[in-house]
Amino acid sequence: MGLALGSGWIAHLTLPVQNRQPDAAELGEQMEQSATASIVGGFRSTVSGYLWMKADEYLHGGAAMRRLTEGEMRRNDARLASTQSPDGSDPVQHHNETSEIPHPNNDKRLGWGEIERSVKPWVDPKNHRHVNLRETIPLYQFMTWIDPTFVSAYVVGAHVIYSSDKSKIGEVIAWLHKGVQASPKSVALQTELGRYLAEAQGFDEAQNCLRSAISIGESAQDLTAAEDDALQDAYRWMILIQRKLNNKISEREYALRALKRFPNDPIALHTINPSYGR
Amino acid sequence: MTQTVRICSAFTRTSFLEMIRRKDFYAIGILMLVMVAGAGTFGFFGVRGLSVFVRDVAFTAIGLFSTIFAVMASARQITEEISRKTLYPLLARPITRWQLIFGKWAAAWVISSAAFLAFSVIGIALLTVFSVPVTAIFLQYLILKIIGLAWLCGLTIALSLYATPAAAITLSLIICFGSSACGRIVLLANADHPMSTFGLNVAYSLLPHYDYFDLGAKATYAWPMIPWWVIGALLAYSALHGAAMLLLGYVRFRSQPI
Numbered sequence: 001m002g003l004a005l006g007s008g009w010i011a012h013l014t015l016p017v018q019n020r021q022p023d024a025a026e027l028g029e030q031m032e033q034s035a036t037a038s039i040v041g042g043f044r045s046t047v048s049g050y051l052w053m054k055a056d057e058y059l060h061g062g063a064a065m066r067r068l069t070e071g072e073m074r075r076n077d078a079r080l081a082s083t084q085s086p087d088g089s090d091p092v093q094h095h096n097e098t099s100e101i102p103h104p105n106n107d108k109r110l111g112w113g114e115i116e117r118s119v120k121p122w123v124d125p126k127n128h129r130h131v132n133l134r135e136t137i138p139l140y141q142f143m144t145w146i147d148p149t150f151v152s153a154y155v156v157g158a159h160v161i162y163s164s165d166k167s168k169i170g171e172v173i174a175w176l177h178k179g180v181q182a183s184p185k186s187v188a189l190q191t192e193l194g195r196y197l198a199e200a201q202g203f204d205e206a207q208n209c210l211r212s213a214i215s216i217g218e219s220a221q222d223l224t225a226a227e228d229d230a231l232q233d234a235y236r237w238m239i240l241i242q243r244k245l246n247n248k249i250s251e252r253e254y255a256l257r258a259l260k261r262f263p264n265d266p267i268a269l270h271t272i273n274p275s276y277g278r
Numbered sequence: 001m002t003q004t005v006r007i008c009s010a011f012t013r014t015s016f017l018e019m020i021r022r023k024d025f026y027a028i029g030i031l032m033l034v035m036v037a038g039a040g041t042f043g044f045f046g047v048r049g050l051s052v053f054v055r056d057v058a059f060t061a062i063g064l065f066s067t068i069f070a071v072m073a074s075a076r077q078i079t080e081e082i083s084r085k086t087l088y089p090l091l092a093r094p095i096t097r098w099q100l101i102f103g104k105w106a107a108a109w110v111i112s113s114a115a116f117l118a119f120s121v122i123g124i125a126l127l128t129v130f131s132v133p134v135t136a137i138f139l140q141y142l143i144l145k146i147i148g149l150a151w152l153c154g155l156t157i158a159l160s161l162y163a164t165p166a167a168a169i170t171l172s173l174i175i176c177f178g179s180s181a182c183g184r185i186v187l188l189a190n191a192d193h194p195m196s197t198f199g200l201n202v203a204y205s206l207l208p209h210y211d212y213f214d215l216g217a218k219a220t221y222a223w224p225m226i227p228w229w230v231i232g233a234l235l236a237y238s239a240l241h242g243a244a245m246l247l248l249g250y251v252r253f254r255s256q257p258i
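Chains as they are written, first to last, in this note's numbering: chain D, 1 to 278; chain P, 1 to 258.
Incorrect hints may appear among the rest.
To be verified - Facing chain D, a subset of chain P residues (Cβ under 7 Å, in silico):
#1 Y204
#2 V230
#3 A233
Stated by the list, open to error - Straight-line Cα separation of at most 25 Å, SDA-like style, residue types lysine to any residue; simulated pairs:
#4 D:K185 to D:N208
#5 D:K108 to P:I175
#6 D:K108 to P:V129
#7 D:K108 to P:V202
#8 D:K108 to P:S196
What the hints assert, rightly or not - Here chain P is said to cover these stretches of chain D; the calculated rule only asks that three of the stretch's residues, wherever they fall, bring their Cβ under 8 Å from a Cβ of chain P:
#9 54–63
#10 119–126
#11 135–141
Everything labelled a hint here was simulated from the structure, so no lab data went into it. Quick reminder that beta carbons are idealized off the backbone N, C-alpha and C, glycines included.
Based on the provided sequences and hints, a complete structural model is requested.
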């Protein structure tokens, strides 16, 4: 922990490069030329990655989940993980997940299984509940303090803050502003910020962010799957905002731009052809 | 029996003095303090509400350093007597070899437990300073860990009679920290290609289960106390498995020329 503290402090004070998105060409070069930047950067990515795994563990009160094995998927006999819905509707299914420690119905170990389920955190994977989401917020803050360029931590952290208390939208927007400051070229962050600004009825600023997201996404050579999804969301949010503001021309323009990249996007298709989907 | 108890208490007294004289206990204690204090000070940097995280770091540190200390203390017990040649005057007294092994195990267990309790006091003190509460399961955590240390000391002393001290320490630590992974691998293999109930239980019983003696994860997330029969079962496992380890060590020690 001392090392994590030290690396975060060094990153903030002595290596401004650490506070910028490391995908620019000159930054990559700086990482290669500066041994300190490289070592500190590697260490803080490891620590923030570890905390990311911990956040998932915290959601389940320490109980570990795992993906199904191929044998389990073939036999279809595993106890699949699902989460209770807060509003009492159908449980939310996790995709091909079960608990690491088997359920008694799937456990042929005699006493060992009962002992393990007693000494280690274990929940029945089917219809389990998550702990209060707000308890994981400090972890996301910690992750972004250690690694200001950890985009996923900002995105998921924003969702966690907003889900736990919808009146905290101002806090969410401020949180995402910090993320955008550290990673101005992140499509995901610009889109999320635009989305929450739109939720807070700040349409002008929302449009600025979404335009940035779309501009970065359209000019990028190679987007990751997550950034590609975020670009699609950016188009959608832009279309919806134009529809809300009754700007038919802009709405159509963004729909056409979205269809160039995402030809099957339903929101864009519906804008061009209102009978689509009926 | 009385003689065995006297032998055990003499070895324990000597081991305590040795522990105070050596620096490793203090070094480990300071390391633990820094680790937990470091985790707790994040509140000063604007990251509040990390109580679960600080508890997690505290219990991880306590478990980790207690294990390392126990392994190092146990591995030295007999091998240092042999290397310093103090074993000869010891065996010249009316002490049998099994009493020697048992006495050394008892000494290792007592000082390891004392070190563990000392680390726990440091950890709890720091958690109190940072206003991070612990729940009633902490008591079971202490009891179960002490039972686990008995098993661990038996394993390490047995290994030290078959291998060099460095190899014994390495193997013990691998067995301790790898026990959870081994169990997971067997379960995953069974999930993918189901084994027979008999085969799975034999495989599982032969594996070491040091991870079962650690309630740190449950204490971190403030789970309720576990059934006491589980602690009884693990006490039986520790006693039987640990005794088997010491017996293996005794068999080697008995035939070993000194």
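A quick look at each hint next to the structure:
no.: 1; hint: Y204; verdict: holds, 5 Å
no.: 2; hint: V230; verdict: holds, 4 Å
no.: 3; hint: A233; verdict: holds, 6 Å
no.: 4; hint: D:K185 to D:N208; verdict: holds, 14 Å
no.: 5; hint: D:K108 to P:I175; verdict: holds, 24 Å
no.: 6; hint: D:K108 to P:V129; verdict: violated, 45 Å
no.: 7; hint: D:K108 to P:V202; verdict: holds, 11 Å
no.: 8; hint: D:K108 to P:S196; verdict: holds, 8 Å
no.: 9; hint: 54–63; verdict: holds (count 4)
no.: 10; hint: 119–126; verdict: holds (count 3)
no.: 11; hint: 135–141; verdict: holds (count 5)
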